[in-house]
Amino acid sequence: MSPIGRSTCIKCNAIVKQQSTNKNPIDIIHLMATRIQRTKKEMGQKPRNQKFTFKKPVSEGIPWKKFSEIEIQAILKHHFEILGFDVIWRHKHDSANEKGIDLECIRKADKKKIIIAVKIKPLKNDIAQVLELTNSRADQKIYVHINGTAQSFRDLSEQYGSDIEFWDPNKLEEKLEESNLTLILKINNSCTSNAIHDITKILEKTINTIPKQEFPQPTAEVMETLWGMKNRAVSVNKCARMTQIMFEHPENFGNLNNNQVLDLVLWCHDHISSALDSLLDGFKSQSSDMKAIIYHTHKVTSVRSNWRNLKFFDLGLIPGNVESMIGETSVTLTDNDIDLHDEIPKEKIDDNTSTQIFKNAAGEFCAIAIWADALEDTVDFIHEGCMNRIFLPSPQKVKTDKMKEIQRRAREKKFTLPI
Numbered sequence: 001m002s003p004i005g006r007s008t009c010i011k012c013n014a015i016v017k018q019q020s021t022n023k024n025p026i027d028i029i030h031l032m033a034t035r036i037q038r039t040k041k042e043m044g045q046k047p048r049n050q051k052f053t054f055k056k057p058v059s060e061g062i063p064w065k066k067f068s069e070i071e072i073q074a075i076l077k078h079h080f081e082i083l084g085f086d087v088i089w090r091h092k093h094d095s096a097n098e099k100g101i102d103l104e105c106i107r108k109a110d111k112k113k114i115i116i117a118v119k120i121k122p123l124k125n126d127i128a129q130v131l132e133l134t135n136s137r138a139d140q141k142i143y144v145h146i147n148g149t150a151q152s153f154r155d156l157s158e159q160y161g162s163d164i165e166f167w168d169p170n171k172l173e174e175k176l177e178e179s180n181l182t183l184i185l186k187i188n189n190s191c192t193s194n195a196i197h198d199i200t201k202i203l204e205k206t207i208n209t210i211p212k213q214e215f216p217q218p219t220a221e222v223m224e225t226l227w228g229m230k231n232r233a234v235s236v237n238k239c240a241r242m243t244q245i246m247f248e249h250p251e252n253f254g255n256l257n258n259n260q261v262l263d264l265v266l267w268c269h270d271h272i273s274s275a276l277d278s279l280l281d282g283f284k285s286q287s288s289d290m291k292a293i294i295y296h297t298h299k300v301t302s303v304r305s306n307w308r309n310l311k312f313f314d315l316g317l318i319p320g321n322v323e324s325m326i327g328e329t330s331v332t333l334t335d336n337d338i339d340l341h342d343e344i345p346k347e348k349i350d351d352n353t354s355t356q357i358f359k360n361a362a363g364e365f366c367a368i369a370i371w372a373d374a375l376e377d378t379v380d381f382i383h384e385g386c387m388n389r390i391f392l393p394s395p396q397k398v399k400t401d402k403m404k405e406i407q408r409r410a411r412e413k414k415f416t417l418p419i
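Reading the sequence shown from the start, the letters are residues 1 to 419 in the working numbering.
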């Protein structure tokens with residue numbers, strides 16, 4: 001890294017570290033964007049000559065070890081279909097005659113053939129699959145392994161698999177960048193997405209469980225909790241909206257490479273997750289009164305769109321959900337799309353990939369904002385119901401007062417003398 005780039009990294013990291021403890025996510029993102037623009041003016045350089053780094057992500061990244069072999073095969077199938085290949089899923093459709101080949105990919109434009117085998121943790125006995133790949137005809141042979149390999153397998157693979165590419169998780173993520181699946185997988189498995197899924201599941205369970213009591217009288221603790229939820233929901237909503245706008249205009253960032261863009265996306269996700277963690281804690285520790293309030297609020301307001309939009313945020317490519325997401329679906333590309341992909345120089349493909357990452361990231365943050373907006377409305381409806389309960393008379397009191405009024409009028413009518 002050049003001295004200028006190193007200086008920029010130190011300044012950005014120092015500011016973020018100094019301000020992150022007392023600023024909300026919106027201020028922090030705005031601070032970083034402002035600092036980038038200021039640095040450009042101070043140094044009189046174009047952004048492509050500078051390098052920016054961000055703090056270590058909170059999210060663990062893609063949890064490859066939690067995916068099954070069939071799910072990894074599905075992800076690879078989707079990847080090569082995006083790149084213009086017709087994919088035969090041998091392992092799933094004809095496992096008895098697969099001959100060690102899980103996926104067979106053929107592209108009509110250039111007749112290129114790729115064969116792929118996937119194993120979570122290859123052992124010595126799995127060398128037979130390597131031999132079957134070696135003896136098969138293809139332009140490219142790939143063996144994907146996730147959880148390391150046994151030493152005996154490595155010794156034999158060096159001897160028999162000289163024409164095979166061995167992809168570990170790092171190599172796999174590098175290759176999946178060509179189809180932007182690396183970004184999608186990292187976002188789907190981020191702390192932000194996990195918190196959203198957990199909150200949605202808790203809400204769904206609450207509104208489907210009939211409480212033992214009617215709408216209870218809200219306590220000061222309930223009102224304070226609701227106010228905190230409202231505050232956090234607004235933070236998530238505004239932060240996601242601002243981040244969406246930022247990623248819709250990648251020209252403001254200069255020429256960042258794919259890894260820098262991915263780091264920036266995850267950095268923003270991690271800051272949004274700080275607000276979501278507070279929300280999640282509130283939902284996890286909700287009292288029986290709060291559960292009853294949420295249930296009865298949903299019962300009255302179930303036709304409103306906020307409840308539907310809470311389910312708008314899709315689970316995505318997470319362990320246990322890949323097959324239902326991808327399954328037998330395939331990406332359809334026209335001949336023009338395939339020819340265009342083959343003719344574009346590698347430098348242009350890299351530029352387009354970076355631009356596509358910005359575009360996809362903007363869409364993901366838009367989905368978060370829609371969900372957060374729905375949650376904000378939900379908390380508003382709950383709060384409104386509580387306020388009505390506190391300041392408006394109860395239905396029983398209204399009924400009693402009405403009965404007293406009827407009786408009063410009846411007495412007045414009975415004793416009124418005719419004129």
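By construction, these hints were calculated from the structure, which means they are not laboratory data. Accuracy of the hints is not assured; some may be wrong.
[To be verified] Here are the simulated EDC-like cross-link-like pairs (lysine to aspartate or glutamate), alpha carbons at most 16 Å apart as the crow flies: (1) Lys311 / Asp377; (2) Lys238 / Glu412; (3) Lys119 / Glu60; (4) Lys299 / Asp380; (5) Lys113 / Asp86; (6) Lys359 / Glu248; (7) Lys113 / Glu165; (8) Lys238 / Asp86; (9) Lys124 / Glu158; (10) Lys111 / Asp94; (11) Lys201 / Glu214.
[To be verified] With beta-carbon atoms standing in for the labels, derived distance ranges: (12) Gln213 / Ser285: 50 to 60 Å; (13) His249 / Thr301: 18 to 28 Å; (14) Glu174 / Gly320: 47 to 57 Å; (15) Ala410 / Ile210: 32 to 42 Å; (16) Ser302 / Lys108: 45 to 55 Å.
We treat Cβ as the ideally placed atom computed from N, Cα and C, and that holds for glycine.
In rising order, the numbers of the hints this structure does not comply with: Violated hints: 2, 3, 8, 10, 11, 12, 13 and 14; rest satisfied.
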